[in-house]
Amino acid sequence: MNCELAHERIVMAAYGELPDDETHELDRHLATCTECGQEREQMQALKLLSSAYPVEEPNANLVARSRIRLEEALDALPPTRWFERLLQKLRNNAASLQSAPIAASLLLVIGGGVGSLGGYFVAQNHTARTTPTTSIADVSNKAVDPSEGEVANISSIERQPNSEFVEVRYNTLVPRVVHGSLDDQYIRRLLMLASENASSVGIRGSSVGLLASECRAGHECQPEGIRDVLMVSLRYDRNAGVRQKALEGLQPYVAEDVHVRDAMLEALLSDPDPHIRTEAISILEPVEADTSVRQVLRSVASSDHNPRIRLASREVLSRVPAFQ
Amino acid sequence: MAATRAMEKPDRAQELMQARAPEMELIRQAQAGSRVAFDSLVRQYEQQVLRLALHLTGSESDAEDIYQEAFLKAYRYIGNFRFECSFYTWIYRIVTNLCLDQLRRRKTRREDQAVVVDHSGDEIDILSSVSDERSFSNPARELDRKVLGIRIQEALGKLTPRERTVFELKHYQGLRLRTIGEMLNTTEETAKNTLFRATKKLRSQLAGLRK
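Residue numbers (our numbering), protein chains in the order written: chain A, 1 to 324; chain B, 1001 to 1211.
Simulated from the structure, these hints should not be mistaken for lab results.
Mixed in with the good hints there might be a few duds.
Stated by the list, open to error - Straight-line distance between alpha carbons at most 27 Å, and here's what the computed DSS-like set of lysine-lysine pairs gives:
| # | chain 1 | residue 1 | chain 2 | residue 2 |
| --- | --- | --- | --- | --- |
| 1 | B | Lys1201 | B | Lys1158 |
| 2 | B | Lys1146 | B | Lys1158 |
| 3 | B | Lys1146 | A | Lys47 |
| 4 | B | Lys1158 | A | Lys47 |
| 5 | B | Lys1200 | A | Lys47 |
| 6 | B | Lys1146 | B | Lys1073 |
| 7 | A | Lys47 | B | Lys1201 |
Claimed, not checked - If we take Cβ atoms under 7 Å as the criterion, some of the chain B residues that face chain A in the derived model are:
| # | residue |
| --- | --- |
| 8 | Leu1050 |
| 9 | Glu1064 |
| 10 | Gln1068 |
| 11 | Arg1105 |
| 12 | Tyr1172 |
| 13 | Thr1186 |
| 14 | Thr1190 |
| 15 | Phe1196 |
| 16 | Leu1202 |
The model shown is predicted, which means the values in this text are computed figures rather than measured ones.
Using N, Cα and C, we set each Cβ at its ideal position, and we do this for glycine too.
In isolation and in its complexed conformation, chain A is listed as follows:
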């Protein structure tokens, strides 16, 4: 067993995650290796020191406050309508019947659901013919000046006692346009918001692409600003193209910023897109002296399900000098 593997196993053993045969192997190594013996002592010291920040029970006031706030929020939720509950019940029943080849039961559940929905729509149509309906849109169009913008949400409703008058507080969406340079802080802030919040992949891609280009050009790519946003996109965006752009934007900082390096390592280990994992390998190659990087490369070289990626990792590792 080499010392690097021993260091990893020391951590696993400290947390009871090492199988018995590996524990035995580790003990044999520790009996002869002073350096690893010290490593184990350091790990034990860490566990001891960490106890200076103990996990404490939340105090009663915090529990009570949290509970009251939750109850108020639950009370404010609109009640679930009967057909929504029925649909959910049908879904639950369908899921539990999935492994049971009882087609008749499944047909019965589906038939019952369809029938209930059909009845609901008939009832809705009947009500529509007999009662004038007033949609929220109609009310909002009458009560709100269009120049105020579309109603985003209702924040409170209060009725004056013994009166027909009500006060409704609401928030509106007002479309706006802004022009400016990529160096403008407001433009940057909007781009950062777009990278996280936009529902359109095109908008997220454009914003991440622009932010990445700023980082590659070295234009104020601060750790707690754009760099952080790119790391979030790399870790969490659903679209591989957006994640690719984020990866490329972070490349210049992989040597100097350990957080960027960690984000690259995570991408290498867990990104579902093989192109991104391959590019992460080439970006990490200049920092292959980092023990964590080598460990991850080793892991990928043996366990990635893509053979090209396993090969690329092995090639990088083979270029690492035997002694650092």
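Take the given structure of chain A and dock chain B to it, following the hints.
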């Protein structure tokens, strides 16, 4: 007389009945829309949720927010719970990911780790909160322990959000690496590597304290 007392407090009687119901039945009732059943589930897990959120974020206010979001999410999506794992694992996964999001959003305060934030958002200087009434014990040792606790928090704050979360779940909450991987939607191997990096960083951060 006993019947009258029971009638005067029907909610209390219902609470007692709910507390004894098996958890699966509670979940089914909550899925069917029973608020009482959902409240019982909240009471069963609220301590664990707050304990984890409080220790991970170090802030009562953040812990309260995470509690709120976690249980609202649970309420909204309890219909999707399929009994493929325990409810404990399910809610813990929600809380863990909310804590991870919170750690990412928050700005670290490296310049003053002696400050924590209470529920109203006010800052408390830990060092000034050492009570004079404790002078009968060893005040120097008490202060040392508090300072050490602050240094630990500072070192934990320098980990990435994911490292911090994995370390918390493994070291402080005692979960298996496989469970941690499932909660963070990754593999056991990734969780292991993350733990290894976290312990390595912490050891180098805290090296000076071991003398």
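Against the structure, the hints come out as follows:
1. B:Lys1201 / B:Lys1158: holds, 8 Å
2. B:Lys1146 / B:Lys1158: Holds, because 19 Å separates the two Cα atoms, which is no more than 27 Å.
3. B:Lys1146 / A:Lys47: holds, 17 Å
4. B:Lys1158 / A:Lys47: OK: Lys1158 of chain B and Lys47 of chain A at ~17 Å, within 27 Å.
5. B:Lys1200 / A:Lys47: holds, 12 Å
6. B:Lys1146 / B:Lys1073: The given pair, whose Cα atoms are some 36 Å apart, is violated under the 27 Å limit.
7. A:Lys47 / B:Lys1201: Holds: Lys47 of chain A and Lys1201 of chain B sit about 13 Å apart, inside 27 Å.
8. Leu1050: holds, 4 Å
9. Glu1064: Glu1064 of chain B check passes; min Cβ-Cβ to chain A is 5 Å, inside 7 Å.
10. Gln1068: Holds - the Cβ of Gln1068 of chain B comes within 7 Å of chain A, reaching about 6 Å at its closest.
11. Arg1105: violated, 9 Å
12. Tyr1172: At about 5 Å, which falls below the 7 Å cut-off, the nearest Cβ of chain A leaves the hint on Tyr1172 of chain B intact, so it holds.
13. Thr1186: holds, 5 Å
14. Thr1190: It holds, given that the least Cβ distance between Thr1190 of chain B and chain A is near 5 Å, below 7 Å.
15. Phe1196: At about 5 Å, which falls below the 7 Å cut-off, the nearest Cβ of chain A leaves the hint on Phe1196 of chain B intact, so it holds.
16. Leu1202: Status holds, d = 6 Å.
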